[in-house]
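**Student:** Single-letter residue listing:
There are 2 protein chains.
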Amino acid sequence: MKVLAVCLNPALDREFVINGFTLNKLNIVPNELNRMTPGGKGVNVAVILSKYNIPTILTGFVGGYVGNVLVSELRKVGPLLTTSFVHIRDETRENIAIEDTLNHTLTEINSEGPFITNEAYELFLKRFEVLVQKVKVVVISGSVPRGVPLSAYGELTNIAKKYGKMVFWEARDEIITESIKIAFPDVLKYDMRRSEKILGTYLEREEEYINAAKEFIKRGAKLVILSYKTIFDFVATAEGVWKFSPKFEIDHSFLLGSGDTFVSAMILSHLEGRCCLDMARYGYAAAVAKTKYLGKEPPKREDIEKTLEAILVERVE
Amino acid sequence: MKVLAVCLNPALDREFVINGFTLNKLNIVPNELNRMTPGGKGVNVAVILSKYNIPTILTGFVGGYVGNVLVSELRKVGPLLTTSFVHIRDETRENIAIEDTLNHTLTEINSEGPFITNEAYELFLKRFEVLVQKVKVVVISGSVPRGVPLSAYGELTNIAKKYGKMVFWEARDEIITESIKIAFPDVLKYDMRRSEKILGTYLEREEEYINAAKEFIKRGAKLVILSYKTIFDFVATAEGVWKFSPKFEIDHSFLLGSGDTFVSAMILSHLEGRCCLDMARYGYAAAVAKTKYLGKEPPKREDIEKTLEAILVERVE
Numbered sequence: 023m024k025v026l027a028v029c030l031n032p033a034l035d036r037e038f039v040i041n042g043f044t045l046n047k048l049n050i051v052p053n054e055l056n057r058m059t060p061g062g063k064g065v066n067v068a069v070i071l072s073k074y075n076i077p078t079i080l081t082g083f084v085g086g087y088v089g090n091v092l093v094s095e096l097r098k099v100g101p102l103l104t105t106s107f108v109h110i111r112d113e114t115r116e117n118i119a120i121e122d123t124l125n126h127t128l129t130e131i132n133s134e135g136p137f138i139t140n141e142a143y144e145l146f147l148k149r150f151e152v153l154v155q156k157v158k159v160v161v162i163s164g165s166v167p168r169g170v171p172l173s174a175y176g177e178l179t180n181i182a183k184k185y186g187k188m189v190f191w192e193a194r195d196e197i198i199t200e201s202i203k204i205a206f207p208d209v210l211k212y213d214m215r216r217s218e219k220i221l222g223t224y225l226e227r228e229e230e231y232i233n234a235a236k237e238f239i240k241r242g243a244k245l246v247i248l249s250y251k252t253i254f255d256f257v258a259t260a261e262g263v264w265k266f267s268p269k270f271e272i273d274h275s276f277l278l279g280s281g282d283t284f285v286s287a288m289i290l291s292h293l294e295g296r297c298c299l300d301m302a303r304y305g306y307a308a309a310v311a312k313t314k315y316l317g318k319e320p321p322k323r324e325d326i327e328k329t330l331e332a333i334l335v336e337r338v339e
Numbered sequence: 023m024k025v026l027a028v029c030l031n032p033a034l035d036r037e038f039v040i041n042g043f044t045l046n047k048l049n050i051v052p053n054e055l056n057r058m059t060p061g062g063k064g065v066n067v068a069v070i071l072s073k074y075n076i077p078t079i080l081t082g083f084v085g086g087y088v089g090n091v092l093v094s095e096l097r098k099v100g101p102l103l104t105t106s107f108v109h110i111r112d113e114t115r116e117n118i119a120i121e122d123t124l125n126h127t128l129t130e131i132n133s134e135g136p137f138i139t140n141e142a143y144e145l146f147l148k149r150f151e152v153l154v155q156k157v158k159v160v161v162i163s164g165s166v167p168r169g170v171p172l173s174a175y176g177e178l179t180n181i182a183k184k185y186g187k188m189v190f191w192e193a194r195d196e197i198i199t200e201s202i203k204i205a206f207p208d209v210l211k212y213d214m215r216r217s218e219k220i221l222g223t224y225l226e227r228e229e230e231y232i233n234a235a236k237e238f239i240k241r242g243a244k245l246v247i248l249s250y251k252t253i254f255d256f257v258a259t260a261e262g263v264w265k266f267s268p269k270f271e272i273d274h275s276f277l278l279g280s281g282d283t284f285v286s287a288m289i290l291s292h293l294e295g296r297c298c299l300d301m302a303r304y305g306y307a308a309a310v311a312k313t314k315y316l317g318k319e320p321p322k323r324e325d326i327e328k329t330l331e332a333i334l335v336e337r338v339e
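Chains as they are written, first to last, in the numbering used here: chain E, 23 to 339; chain Y, 23 to 339.
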């Protein structure tokens with residue numbers, strides 16, 4: 023096994039296409055427009071890595087009927103993806119998206135998600151310590167379920183560092199803020215899909231992003247990636263700060279999954295011997311390549327290589 | 023085993039309470055307002071019978087993840103309910119009801135339901151022939167999935183009659199119309215929740231109901247129950263026709279499940295030795311008793327006995 027992917031709050035993503043979806047009425051979903059796929063950022067990263075032929079173990083919490091469906095669907099992904107979840111009593115999250123292509127609405131119904139008991143969390147920490155010794159890289163990505171402390175990313179990283187493993191994070195500000203009080207990852211990528219907040223402050227100007235990135239490097243991260251206005255990134259290492267831009271126009275409606283592709287491609291690139299800025303460039307190229315089409319499939323290697331030529335890397339500090 | 027309950031198109035009923043449910047928005051369902059229960063009329067009858075201490079086998083088609091959840095939930099009902107489903111590849115029906123108690127809306131999302139292959143249907147007919155020999159009574163209730171002929175009730179009744187079993191039906195007009203071309207049940211109850219149609223014709227006047235009921239008796243049924251204006255019933259036997267009415271006001275919002283209670287209580291009453299009009303009276307009393315409260319639980323035996331005094335049985339022919 024090369025990678026341990028941690029998804030503390032996985033989900034079953036369900037998609038119903040109902041044209042003319044109406045309140046207070048009986049709506050029928052045709053079978054061919056009724057889909058379910060494994061979800062949650064850590065799950066997505068594990069699935070993408072296994073598609074890039076990287077043997078990956080996926081861990082976190084699953085429970086109930088929804089958890090069983092999730093694990094069964096993950097088993098279908100292929101032999102390179104292994105799951106080692108801690109089983110809980112509550113139901114795993116179920117995220118229903120009702121797409122109406124007639125009225126152009128997207129109505130979402132998400133379950134509240136499970137509550138993780140102290141006991142289950144302790145069990146998970148022990149499981150993590152066993153699994154982490156089997157791999158080269160640890161990636162922790164996505165939300166934290168109720169009952170698990172926001173500092174969990176830091177606690178897990180402390181354990182991983184005991185065994186000298188490389189650690190990647192992608193998470194929202196609240197998780198990062200609490201977790202870096204305990205430990206810093208090697209690669210820190212902010213998930214800014216819902217807010218532009220860094221360490222509790224809303225950022226606006228480019229300079230603010232540059233300073234924030236430098237600050238994380240000073241405090242212990244080796245590579246920091248802060249997305250800026252959705253399609254740009256500020257990337258910092260000990261050597262400096264760079265701004266990444268695409269050389270062509272990005273279709274914003276195809277952005278879904280590009281963050282997970284970014285992280286997965288960085289890990290792929292790292293395992294192939296690239297470091298620091300080159301690793302980030304590879305991840306960014308993959309994320310940009312992902313915006314050229316719809317769907318969950320990761321971009322082909324050739325497409326990533328080609329896209330490397332279509333991105334601009336400017337030193338800003 | 024005493025009863026074989028047939029539910030050709032079972033469902034998993036899911037209930038989400040979302041106050042302020044809004045289109046084109048992310049809606050969260052709190053865990054305690056997210057429920058799932060086995061559904062489909064034949065399933066409901068089997069569950070009710072087992073709660074009345076009658077050992078019951080439930081058969082029909084189940085498939086996929088939803089089918090697995092349904093069977094697991096049915097296993098929790100108790101030791102008196104046994105399932106013997108034919109497993110299919112398609113997913114069992116999933117019926118989602120989104121209740122908004124703030125805006126007083128009920129938005130339903132139903133899956134299209136499975137398609138039954140010829141092979142699965144043939145397998146089911148063989149299974150049915152084995153199971154039917156183990157019981158005294160057969161009850162067939164509810165819709166017919168795609169791929170199964172509307173005459174299926176008739177085909178199954180032919181097999182049951184070969185072994186001299188008593189047969190109960192509750193179904194909609196299209197199924198009854200096609201099925202009685204092949205065989206008549208002993209007890210025929212019309213499901214008129216969605217239309218007042220009998221043998222393809224919309225009925226209005228009491229006389230029309232009386233004549234329709236007599237016609238079914240003439241052609242082979244021993245007991246016929248046609249509901250009239252939701253809360254009344256016309257009941258026919260070889261001896262005559264009666265009109266059943268409640269002596270008190272019925273809360274229409276509590277009618278859910280009263281049809282299944284009616285059928286179950288008739289079977290209960292038959293197994294205890296009652297016949298014909300008395301059996302129908304017992305079923306009607308149970309259905310009326312069921313309208314006194316909300317929820318899926320069947321009425322207690324004492325409540326049914328008490329309600330027998332609160333119904334009016336008038337001879338109309």
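No wet-lab data here; the hints were simulated from the structure.
Owing to the predicted nature of the structure, the values given are computational and were not obtained by experimental measurement.
Glycine included, each C-beta is placed from N, C-alpha and C at the ideal position.
Please note that a few of the clues may not be correct.
Unchecked claim - Looking from chain Y toward chain E, a few residues come up when the C-beta cut is under 10 Å (computed):
no. : residue
1   : I40
2   : L48
3   : P52
4   : I118
5   : I120
6   : D122
7   : P268
Stated by the list, open to error - To give a feel for the contact side, a few chain Y residues facing chain E, derived at Cβ under 7 Å:
no. : residue
8   : N41
9   : L45
10  : N46
11  : N49
12  : I50
13  : N53
14  : V91
15  : T127
16  : E130
17  : N132
To be verified - Straight-line C-alpha distance at most 30 Å; calculated BS3-like pairs for lysine-lysine:
no. : chain 1 : residue 1 : chain 2 : residue 2
18  : Y       : K47       : E       : K318
19  : Y       : K219      : E       : K47
20  : Y       : K318      : E       : K47
21  : Y       : K251      : E       : K47
22  : E       : K98       : Y       : K98
23  : Y       : K322      : Y       : K269
24  : E       : K251      : E       : K328
25  : E       : K148      : E       : K24
26  : Y       : K244      : Y       : K73
27  : E       : K265      : E       : K318
28  : E       : K203      : E       : K158
29  : Y       : K203      : Y       : K184
30  : Y       : K24       : Y       : K73
31  : E       : K251      : E       : K322
32  : E       : K240      : E       : K73
33  : E       : K156      : E       : K187
34  : E       : K203      : E       : K98
35  : Y       : K158      : Y       : K184
36  : E       : K73       : E       : K47
37  : Y       : K73       : Y       : K47
38  : Y       : K314      : E       : K47
39  : E       : K240      : E       : K251
40  : E       : K203      : E       : K265
**Student:** When the structure is checked against the list of hints, which entries are broken? Sort them ascending.
**Tutor:** 7, 8, 32, 34, 36, 37
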